[in-house]
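In order, the protein sequences belong to chains A and B. To convert, note that position 22 of the first sequence is 21 in numbering that gives the first Met the number 0; the numbers rise steadily by one, no gaps. To convert, note that position 67 of the second sequence is 66 in numbering that gives the first Met the number 0; the numbers rise steadily by one, no gaps.
Source of the hints: derived by calculation from the structure; they are not laboratory data. Don't take every hint at face value.
Copies of the same chain look alike in the list, so a pair counts if it works inside one copy or between any two.
List of simulated lysine-lysine pairs, DSBU-like, C-alpha gap at most 35 Å [to be verified]: (1) K121 <-> K24; (2) K192 <-> K121; (3) K200 <-> K24; (4) K121 <-> K42; (5) K113 <-> K42; (6) K113 <-> K200; (7) K57 <-> K206; (8) K200 <-> K57; (9) K192 <-> K206; (10) K57 <-> K121; (11) K206 <-> K157; (12) K113 <-> K157.
2 protein chains.
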Amino acid sequence: MKPRVDYTLYLCTDRELMSEDTLEKSVELAIQGGVTVVQLREKDCSGREFLQVAREVKQITDAYEIPLIINDRIDIAMAVDADGVHLGQSDIPAHTARELLGPDKIIGVSAYNKELAVEAQKEGADYLGVGDIFGTSTKAGTHHVEIDTLSRICQAVKIPVVAIGGINLSNVTKLAGTGIQGTAVISAIIASKNITEAATKMLSLLKNEVIVNSPKA
Amino acid sequence: MKPRVDYTLYLCTDRELMSEDTLEKSVELAIQGGVTVVQLREKDCSGREFLQVAREVKQITDAYEIPLIINDRIDIAMAVDADGVHLGQSDIPAHTARELLGPDKIIGVSAYNKELAVEAQKEGADYLGVGDIFGTSTKAGTHHVEIDTLSRICQAVKIPVVAIGGINLSNVTKLAGTGIQGTAVISAIIASKNITEAATKMLSLLKNEVIVNSPKA
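So here's chain A without its partners, still in its complex pose (with noise of 0.2 Å):
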């Protein structure tokens, strides 16, 4: 079966903004701060090395019963029995995955417009990512998204939106009302010298003043 995720606050890897020596304790680190799900996201890797890391990471996850998604191999998330994958516009479609992956993963996909959001719920995703909402160095070739275009987006799908892009303590609250489930954070948490404190002040925000919605089924 298809596990329930609270994707409250979600956290992206990215190993050359982290703060603390591995990547495994600074996730273990972010999930004891309230962190609700985590992507790992290792552009700039081999396979082997992507494999291995995301087996040691997924040790951290399911000592904790916080779902791991992928992101853009499907391959390694099948090798690791990862909870999903994520997939960029220019990764393997929503539907391929799904044939490969079978009906009780997790699969999500980035959008940035409302076209492609319900495209993406068309093929199947079970979650959203939007963004780039308020600009990151984070990634290349990403798209700014306005608050009011996700808002838009949250009212024309069914499947939960993360937002995502340079989502701070500082600007999350301007996130409220836009029917988002979750913000997905990358360097406010992982790059913090207090990891897990970023995550609690991060998610006690997002609970109390930007999550209004009740979760979508």
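Given chain A's structure and the hints, the job is docking chain B onto it.
Frame of chain A; chain B shown alone:
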């Protein structure tokens, strides 16, 4: 059941080197000249583009009943139902690939010394790609392999060995007596003005002067 593969003339693709307008056309002309197996190698393109190209090339290889091997991306090999994958030393290990692909798919592994060759055989590889034999600029991070080393690898393993790296009509006969089951060729075919003729000449040299051993089981 695992397909029997004739490794004699093993074409690796490289879109940057090809003389024809499309990869599918290049592959078709090469097959008409006698290529016995095709590996699709696309290092610098997105997963979505790789998948699309793989689907198009699969139509050609299927029409001519030639095995199609996908480089690195096991998920793409699964999505197009390719005959197998080829894995470098920095890709997902062969034993993990076998778990994902099952017993009926071909797994090839790159090895540049005897230890790696024996290890790959132990991990369940069906054949080895051994090189770089004659120095090639088409792949970064390659290791030079002496012809003596190539011979020792052929003696050390039971699985077929395919020599790779800068092999062309002028140097291929130097591989006679090494014990190889085939040669992988990129630019000597793909970059030729007459792809079919280049493949025919190479196959003739291989059959008449190089591959003197009876095929390994």
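Cross-check of the supplied hints:
1. Taking the shortest alpha-carbon separations for K121 and K24, only the inter-copy value of 34 Å comes in at or below 35 Å, while the best intra-copy value is 37 Å.
2. In the homo-oligomer, the alpha carbons of K192 and K121 never lie at most 35 Å apart, since the shortest distance is 41 Å inside one protomer and 45 Å across protomers.
3. Taking the shortest Cα distances, K200 and K24 sit within 35 Å of each other inside one copy (19 Å), while across copies they are farther apart (57 Å).
4. Within a single copy, K121 and K42 get their C-alpha atoms as close as 27 Å, and across copies as close as 30 Å, so both meet the 35 Å cut-off.
5. Proximity of K113 to K42 under the C-alpha cut-off of 35 Å is found in both arrangements, the shortest distances being 26 Å within a copy and 32 Å between copies.
6. Within a single copy, K113 and K200 get their C-alpha atoms as close as 31 Å, which meets the 35 Å cut-off; across copies the closest is 55 Å, which misses it.
7. Proximity of K57 to K206 under the C-alpha cut-off of 35 Å is restricted to the intra-copy arrangement: shortest distance 26 Å within a copy versus 50 Å between copies.
8. Taking the shortest Cα distances, K200 and K57 sit within 35 Å of each other inside one copy (25 Å), while across copies they are farther apart (52 Å).
9. Taking CA atoms no more than 35 Å apart as the test, K192 paired with K206 passes inside one copy only; the shortest distance there is 23 Å, against 65 Å between copies.
10. Taking the closest pair of Cα atoms, K57 and K121 come within 35 Å of each other both inside a single copy (29 Å) and across two copies (27 Å).
11. When the C-alpha separation of K206 and K157 is checked against a cutoff of 35 Å, the pair qualifies only within one copy, where the shortest distance is 21 Å, while the shortest distance between copies is 61 Å.
12. Taking the shortest Cα distances, K113 and K157 sit within 35 Å of each other inside one copy (12 Å), while across copies they are farther apart (56 Å).
Hint compliance for this structure: hint 2 is the single one not met.
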